[in-house]
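In our numbering, the protein residues as written are 119 to 559.
Hints should not be assumed to be uniformly reliable.
[Claimed, not checked] Straight line, CA to CA, 16 Å or less: simulated EDC-like cross-link-like pairs of lysine to aspartate or glutamate:
{"id": "1", "residue 1": "Lys-324", "residue 2": "Glu-415"}
{"id": "2", "residue 1": "Lys-278", "residue 2": "Asp-359"}
{"id": "3", "residue 1": "Lys-284", "residue 2": "Asp-147"}
{"id": "4", "residue 1": "Lys-281", "residue 2": "Asp-174"}
{"id": "5", "residue 1": "Lys-549", "residue 2": "Glu-503"}
{"id": "6", "residue 1": "Lys-384", "residue 2": "Glu-339"}
{"id": "7", "residue 1": "Lys-168", "residue 2": "Glu-235"}
{"id": "8", "residue 1": "Lys-549", "residue 2": "Asp-382"}
{"id": "9", "residue 1": "Lys-420", "residue 2": "Asp-442"}
{"id": "10", "residue 1": "Lys-413", "residue 2": "Asp-362"}
{"id": "11", "residue 1": "Lys-413", "residue 2": "Asp-382"}
{"id": "12", "residue 1": "Lys-281", "residue 2": "Asp-147"}
{"id": "13", "residue 1": "Lys-284", "residue 2": "Glu-415"}
{"id": "14", "residue 1": "Lys-420", "residue 2": "Glu-279"}
{"id": "15", "residue 1": "Lys-324", "residue 2": "Asp-556"}
{"id": "16", "residue 1": "Lys-324", "residue 2": "Asp-445"}
{"id": "17", "residue 1": "Lys-468", "residue 2": "Asp-442"}
{"id": "18", "residue 1": "Lys-549", "residue 2": "Asp-362"}
{"id": "19", "residue 1": "Lys-502", "residue 2": "Asp-523"}
{"id": "20", "residue 1": "Lys-502", "residue 2": "Glu-415"}
{"id": "21", "residue 1": "Lys-269", "residue 2": "Asp-259"}
{"id": "22", "residue 1": "Lys-281", "residue 2": "Glu-339"}
{"id": "23", "residue 1": "Lys-269", "residue 2": "Asp-209"}
{"id": "24", "residue 1": "Lys-305", "residue 2": "Asp-396"}
{"id": "25", "residue 1": "Lys-168", "residue 2": "Asp-209"}
{"id": "26", "residue 1": "Lys-278", "residue 2": "Asp-174"}
{"id": "27", "residue 1": "Lys-224", "residue 2": "Asp-178"}
{"id": "28", "residue 1": "Lys-502", "residue 2": "Asp-442"}
{"id": "29", "residue 1": "Lys-223", "residue 2": "Glu-235"}
{"id": "30", "residue 1": "Lys-420", "residue 2": "Asp-445"}
{"id": "31", "residue 1": "Lys-413", "residue 2": "Glu-279"}
{"id": "32", "residue 1": "Lys-281", "residue 2": "Asp-359"}
{"id": "33", "residue 1": "Lys-520", "residue 2": "Glu-339"}
{"id": "34", "residue 1": "Lys-384", "residue 2": "Asp-396"}
Since the hints were derived computationally from the structure, they do not count as laboratory data.
Quick caveat, the model's predicted, so the values are computed rather than measured.
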Amino acid sequence: MRKFFGAVLSAAMLTAGLTGCSKAQTGSDTITGTYAVEIQGYDWGCGVTKAKLTLDYPLDSVSADTFTVSETKQQTDFTSETFDVVENTADRTVTDAYLVDDDGKKTENASKNVVIEMSVDPNTGSPLLFTMSTQFNTWSDPYYLTVSLAKDAEVTSISKEVKSFKIDTELTGKTTSVDRYSVDSYKADDGVNYQYAHYEPADGSKTLVVWLHGMGEGGTEDTDPTVTLLANKAGTLADSDFQDAVGNANILVPQCPTYWMDADGKSTNFNNGGIQADGTSYYTESLMELIESYKKETGSTKVILAGCSNGGYMTMLMAMNYPDAFDAIVPISEALPNSVITDDEINAIKDIPMYFVYSNDDTTVDPTLHEIPTIQRLQAAGTKELYVSTSDHVTDLSGEYKDADGNAYQYMGHWSWIYFFNNQCDADGTKAFDFIADNVK
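Input sequences plus hints: build the corresponding full structure.
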């Protein structure tokens, strides 16, 4: 399972197993098969939304009531004092099921190909494991679905009553909502090796947007750059809403081997779940080398740097170290303590267009110790273009997720990147996407 999630990244793996039915189909009372999954990114992370079955014999028809699905995966037990990682099995809610042809299109004809759709929410359906001891998101290992016929389901295969139905629990493939990104690696002169995701629009672009992920998306074990795109919806930077707003852009998403706030590359400043930030990063030079290399590769002339939390820290740090390299920066819930920023560093970045995003109820990165005093110092230094988008809380924008009282689901105050990816940030009438567009013209 570990090797599977680390290596299978393309949509081809999902469709490869969809075999056609011969014109003269035969049925059977014993059905076996395999399945692949589809993973969709959301504001809160990602979820397995579909199971696509490939059977050895065709079924005549199916519906949402035909199947039951349970999900087995690793998860952190947040009720335990030590936040143990446990293996858990829970039922998934099937919302729809239907037959598809060899091209994946719905069909009324008997077929060996079945799609099962399942509901997801902020607490259900994620194939990722967040481990408290490391603060990393990784692919759950194991992760599998158990697909069965419902107790009272009446299913036929070319008119034969199905008496035995067994789907292998081993995944055969996956597709995700970020498969339009490519994944590559880059080894810097100092030996740091980066895995990174990237996207280039079909018509090309002279704009490069670099996204720096938070703490949870770093690491090298049981992870890959797909995690950096799915764990907090960064994949939407390749969607039309963002691309149209900024006039198309190349997207570079590096994955840090540890975390951006790591001072020595050995994680020695990470203790008891917290980081003692000193205003430096082991990765500053190597990251700049990667950005310059990719900038040259894509022919980009404008570079926008954005990042959240740990990535917001690195966004600030990169701007302070290379103030002439970036046309604008977007620090979100940035974790660089104001106390470690020198006056020289403030003066170094005061002429860079900046768009800060944070929530007043951020308990992970206290704004009174980070953004607020830093912004005040920038203003006092005579910054030329500085926007600030704040909120009191971070709540669900889709209208789909509610709390027990029927109110919009409220996320942690630290998760202000949700508003950025949905272009819901507002700084005195200026949206974040418009800010980026204005600075790449």
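Can you name, in rising order, the numbers of the hints this structure does not satisfy? Hints 2, 8, 10, 11, 13, 14, 19, 20, 21, 22, 24, 31, 32 and 33 contradicted; others consistent.
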